[in-house]
Amino acid sequence: MEKKPTPYERVVCKNTSLYHYMKINLVFDSRNKSLSAEQFKQLIITGLKDLYGEVGAAFPFDVLTFNQTELSAILRVYHSSLVKLWSAITLIGSYESVSCAFRVTQVSPFLLALSGNSREMEVF
Amino acid sequence: MSPELEQCPRSLLVCEKGNFKNEKSRHESQALKHSFNCRISLLIPECGRLPVMLEKVLSNFSSYFHVQDFPVSTFLEEKWLDAVKKGGFYALSSKTRIDEDNVVAVLPSGQLILSLDKDTYEQLGLEGRPSQYSHRKTVRHIVTVDLKSLVLGTKKYQRVLLCLKERVPLKTDFLFTGGAVSLLDLLSKQLYEECRPALHCRTLQDLLCPSLIPSDLKGESGSVTPTQFLEWLGAVSLSISCDNQATSFLSTYACPEPQSSVSQALLCTVTGLISPQDVCKLLTEIRRYLDEPKLTSWVSLTVHGCADSPVSWGSAEHGFHKGGENFYNFVCFQNQDYWLHMATGAKDACPP
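These protein sequence lines map, in sequence, to chains A and B.
Under this note's numbering, the residue at position 13 of the first sequence is numbered 13, and the numbers go up by one with no gaps.
Under this note's numbering, the residue at position 130 of the second sequence is numbered 254, and the numbers go up by one with no gaps.
None of these hints come from the bench; they were simulated from the model.
Please note that a few of the clues may not be correct.
Simulated crosslink set (DMTMM-like; lysine to aspartate or glutamate; CA at most 25 Å straight-line) [claimed, not checked]: (1) Lys14(A) to Glu128(B); (2) Lys49(A) to Asp309(B); (3) Lys289(B) to Glu246(B); (4) Lys219(B) to Glu70(A); (5) Lys203(B) to Asp340(B); (6) Lys219(B) to Glu122(A); (7) Lys41(A) to Glu130(B); (8) Lys446(B) to Asp62(A); (9) Lys272(B) to Glu441(B); (10) Lys148(B) to Glu9(A); (11) Lys180(B) to Asp62(A).
No experiment lies behind these values; they were computed from the predicted model shown.
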């Protein structure tokens, strides 16, 4: 049976992504701190609570990947909460009284874009 | 809490569906329009080893060249102008950022595009236009020189030469690729390094896959929506696990429904400056691969653009705001139908 080819169709979607994805990593002053994924998430939630209070800290976000050796993670957050999450992690200055900082490597509304970041890539 | 905190820059996703056999199908021209690609990745479900024919195409991707401190005025030399007229090479300044530095690119159409900061633009003295993505105060200008129409010795030629050679002798690292011309001849005077695109393959076991229906692009009849599908594809390429418990503290990500389990899948990535011609060759080979009966009903091909190229689709201006993503994804089905998803970030034109 020869199937009829599907007709051409084009859809333009603006801001359809419900989420934003962030690639971040945590840098410590002295390099001898280890965290589990749960502790990492808890640290971010604490930061949110400090800046935005209980209500601000209540919005959900996901830790999609966590690399324990590099302390890097990919987060998924609703796009309406991106700015809040970003500002909160910027202001986190210490973990268990060791000073630390979050570095944001990439932010994108598409998770797929995080797998092909030309700024991080060594092509030669 | 102030509502401005909840706003985000815009993003665009253009979805198309069509059939490769359709005469008016634009799949090839769409791929050719996207000039600067830094990585492609190929996902083949129900496949354990890279098929020979596909491997042949992937390992025959053309080399690219890395040249250090290449003076931009070299493009005006006679042999370079001749090469431009013959049509075809891609050049992009490397390690330069579109929101911080001067970025230079040459398109196969013969256009030399300079995206310059305010100081360089004012010193250079070539006519340009303000960048589309400036704020109230213009801090970035785009100068386009059509190398194809430039004739040696004319007044216009002399002027461009004077500007690029004496007023501001711009020099940056470059990446070159592709084309009908022999880049080795052209680069003989320069210190260059030939690079091969790097191929990596990974076999994934027991993967949850969303079920795709070729005729249902928007996911209206209960299958996956384009955003869900792209998210899933991203999760696969970043090895994000789908099987999270409902009570999991860390993540609530799950594979979109309806889904099926795939015993194994092959994920191949090629990294390097990849010319659009090579992408087209690969696309043709994927279609041939699917022509024979296979367990899988589809294969996906993702092409990532460079975040810092001055153009994205065709010669549309590209910018960087929070992210500079510009990528497209083909899903090829067994009946020669295809889906094409083209995604851009905040400072990017709508794909053609």
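Lys272(B) and Glu441(B): Cα distance at most 25 Å?
holds, 20 Å
For Lys289(B) and Glu246(B), compute the direct alpha-carbon distance and say whether it is at most 25 Å.
holds, 15 Å
Given hint Asp62(A) paired with Lys446(B) - CA-CA distance at most 25 Å
holds, 20 Å
Against the 25 Å threshold, does the CA-CA distance of Lys41(A) and Glu130(B) hold or violate the hint?
holds, 21 Å
Taking only the CA atoms, is the gap from Lys148(B) to Glu9(A) under or equal to 25 Å?
holds, 12 Å
Hey, Lys14(A) versus Glu128(B), does the alpha-carbon distance stay inside 25 Å?
holds, 19 Å
For the pair supplied as a hint, Lys219(B) and Glu122(A), confirm whether the alpha-carbon distance does not exceed 25 Å.
holds, 10 Å
Checking one constraint from the list: CA of Lys180(B) to CA of Asp62(A), max 25 Å. Satisfied?
violated, 40 Å
Measure nothing beyond the straight line between the CA atoms of Lys49(A) and Asp309(B); if it is 25 Å or shorter, mark the hint as holding.
Roughly 62 Å separates the two Cα atoms, so the pair is violated.
Given hint Asp340(B) paired with Lys203(B) - CA-CA distance at most 25 Å
Not satisfied, since the Cα-Cα distance of roughly 51 Å exceeds 25 Å.
Given pair status - Glu70(A), Lys219(B), alpha carbons within 25 Å:
Holds, at about 24 Å.
Checked against the numbered hints given earlier, the structure breaks hints 2, 5, 11 and satisfies all the rest.
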